[in-house]
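Undergrad: Working from the sequences, and respecting the hints, build out all of it.
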Amino acid sequence: MGFKNYILVCGGTGCESSRSDQIYHALIDEAQNQGVADQVQVIKTGCFGFCEQGPIVKILPEDSFYVQVKPEDAKELIAEHVVKGREVTRLLYNKAPRKAYEEVEDIKFYQKQKRIVLRNCGSIDPENIDEYIAAGGYKALEKVLFEMTPDDVINELKVAGLRGRGGAGFPTWMKWNFTKVAEGDEKFVVCNADEGDPGAYMDRSTLEGDPHSVLEAMTICGRTIGAQHGYIYIRAEYPLAIHRLEVAMKQAREYGLLGKDILGSGFDYDIEIRLGAGAFVCGEETALLQSIEGHRGMPQPRPPFPANKGLWGKPTVINNVETWANIPQIIDNGGEWFASIGTEDSHGTKVFALTGKICNSGLVEVPMGTTLREIVYDIGGGIAHGKKFKAVQTGGPSGGVITEENLDTPIDFGGLQRIGSMMGSGGMIVMDEDDCIVDVAKFYLNFTVDESCGKCAPCRIGGKSLCNILEKITQGKGEEKDIEQIHQIAKAMQIGSLCALGQTAPNPVLSSLRYFPHEYEAHIQDKKCPSGKCKKLISYEINTSKCIGCTACARKCPVGAISGEVKKPHKINGNVCIKCGVCKETCKFGAIEIH
Amino acid sequence: MAKLSLSDLHAIREREEKNLKKRDIHGRTVHVVVAMGTSGIEKGAKLVLNTIADEVEKRGLDNVIITQTGAVEGRPEPVVEVFKPGEGLTVYGNVGKDDAVRIVAEHLEGGKAVDDLVIGHEE
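Chains as they are written, first to last, in this note's numbering: chain L, 1 to 595; chain G, 1001 to 1123.
Hints in this document: simulated from the structure, not taken from any laboratory. Take the hints with a grain of salt, since some may be wrong.
To be verified - Straight line, CA to CA, 20 Å or less: simulated DMTMM-like cross-link-like pairs of lysine to aspartate or glutamate:
#: 1; chain 1: L; residue 1: K143; chain 2: L; residue 2: D270
#: 2; chain 1: G; residue 1: K1003; chain 2: L; residue 2: D268
#: 3; chain 1: G; residue 1: K1022; chain 2: L; residue 2: D38
#: 4; chain 1: L; residue 1: K4; chain 2: G; residue 2: E1016
#: 5; chain 1: G; residue 1: K1003; chain 2: L; residue 2: D38
To be verified - A short list of chain G residues far from chain L (calculated; beta carbon distances all over 12 Å):
#: 6; residue: E1014
#: 7; residue: G1037
#: 8; residue: A1045
#: 9; residue: L1047
#: 10; residue: L1049
#: 11; residue: E1073
#: 12; residue: P1076
#: 13; residue: G1093
#: 14; residue: N1094
#: 15; residue: R1102
#: 16; residue: A1105
#: 17; residue: G1110
#: 18; residue: K1112
#: 19; residue: D1116
#: 20; residue: V1118
#: 21; residue: G1120
Because the structure is a prediction, the values reported are computed rather than measured. Backbone N, C-alpha and C fix where the C-beta goes; we use that ideal spot for every residue, glycine too.
TA: Rendered as C-alpha cells:
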C-alpha cells in the first residue's frame, strides 16, 4: 500500500495515432526500471476530448495535465514526477509550476463543459469492467431488473425528455413505447454506431472510452420492451472501438451481466456486433437494418417504422450510441435530474466533434442551450492562426452553416432548425475567411452523391445535377438561372427522396445560399472567388514592390512558371501556373498575391 | 444459473470504488505535501509519505489529497506541509513515522495542529 501516483494515458484513436500506446508501455517499463513500479498505476483511458493537445497524460493526485507527450518523455516523467515529486513543467499544458495546495482553475477548454455521455472517458480503463462498476456502472440495470417495471422505465425516459442524439431528435421514450406495445413473438434492440459524417467522431470515442455504458443501456432496453437480443451495427473502420466493445462484451458475459439469467433475475439477454462496410447511407435506420440482415444497405419506405416492423420484420428499437450512453445515467439519477439540464426544448447535453479552423480541436460535451459562440471561442479557443471567423457547419452533409449573426443562438434541436441548420449527430466544422462557401457546399454534395445508394431518382439524379451546377459555378461558368435551378432541384429532392440522405442533401447548398448570396453572385456575375479558393477564378501574381528577387519561389515552383533575374522582381506565367500555392507558402516577403 | 448474484456485484462495486476514489480529487480541500527531495528521502520522507497515505486511507478521510514536492531548502527534513482552507499552511519538521501518524490523527482527523512538531505557519 502506501502512496501511489495514478497515471492516466489517453487511449482514444487520436492519441493512439500519435503513439499513446507506446507512451503507455514506456511508462510501465520506466516505472519498473526506476524501481517504482509499486508506486504507480498506469491506466489507459478513453478520449480526454482535448485532442488538439494530444497525446495527453494526466498524473494524479497532483492533477498534472501533460500534453503532446512523446514515448521518449516517459523516462523523465517517471524520474521527475513519480520519483522526485516534481512536475515536468515543459510538458504541462500551462507550462507553469504551482504549489500543490494552490486553487487552480480548470483548463478553459473544460470549464463550460458538462460530461454525462463522456463522464467515464478519460477517467476509467474501458477494458476493465471493474472500473466501470466502481464508477456506478450497472447500477441502473440493477434498478431496472429488480425495482422498476417496464412502464416505470419508459416513464422515467418521458420525464427526462431524452431525444434521439442521432440527429432527428425523436423522443426516445416514444420509440421504446411503440416497440413495447407492438405485437411480436420476438423483438430486437439495435445500436446505430454507423457514424459517418465528415469530421464526426463522438460515437467512436464514446464506444472506445466507455463501451459498457452502451451495453448496459441496451440491456435495460431489452428488459423494458421484451427483447432478448441486441445488435451493435458499427463500421469496420473503427477497429479500436470494435476491440473495446468485444473486450467489454466478453467481460460482461463472464460476470453474467450478459447472457442467461442476468444477476439472478431470470432475464436472458445478449448482444452481437455486426460490422458495416462504411456506407454513409447505412446510418439511416431502415438501410442499417437491411445491412444487418445481410442485404445491400438500402433504405425502405416508412411506414412501417422499425418499432412495428424492424429487423426481420420484428418490432425493433434502434438508437444511436450517444442516446444509449445517456440512459444508465437517467435511470440512475432520475428523469427529473436530466430534465433540469439544458433548455425547455432539449434536455441534457450534446457531444460535438469540434474540427476545422479552430484552435482547440476536440470532443466537447456541453449542456443544451450553450451558444455557438461559447463553443467556438471559450472552449475552442477561437479561430486558428488569427484568421477571421466565417461560419460553422453543423449537422454534417445534412446540415447547414451558422454565421456570425447567429453565433449567440442557444444550441438545441429547435434553435438550430430555426436558423436553417440542424443538430445532426454532432459534427461541427469551423470555417475561416479562407474557405469558399460554394466550394464547401460542393464538398458536402460530392459526399452525399458518393454515398447515395442510388435507389430513388430524386436523390440519385438530383444530387448529381446539383453537383454539376456547383461545379460549373466554381469553374466560372455559372449563369443567372443556376440559382433558380438549384432551388427547384433542391425542392424536388426534399419532397421526393425516400430517406433522409436525399431529403437533406441540398441543405448545405440552401443554407449557404441563404447566408452568403453575395458569394454565389461574385462567382456567377463577377467570375471571382472572394476567398481565393476556386482555382479557375484566381490568378497568382507577384507584387513587384515587395519581391526582392530571392528566387526561392522560382526554385520551388513545380511547373517552372516563375521567371526572373536574381535580386530583381520575378514574374508568374499565368498560362503555365497550376495555382498550387507553393510559391505563396514559400515567399517570406508576402510578395505573392491572389487576384 | 446466474454467474454473478446481486450481492456479488455489490461486493465488486464496494471493493473497486475504494480504488477509483483515490483517483477522484474533486472536492478534496485538505492538502498534505511531503517534501521528497534527495535529502528528504535520505532522512526517511518516503516512509512518512507512505505512512500518511495508509493512515488517511485507514481513517477514510475523503477530503484529503496527498502530493509530493521537491526538496525544501534549509528546513529540518522530513518536512510535511498541511494546508486547510481557512486555517492556512502548517509546516511540520523532523517528522518520523510515529509523528506522521499523529499528524493524521490529531490534525487531519482531529482538527488540531500537532504543536510540538510545528516549525512554521502561514495564513
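Undergrad: When the hints from earlier in the document are held up against this structure, which numbers fail?
TA: Violated hints: 5, 6, 7, 8, 9 and 10; rest satisfied.
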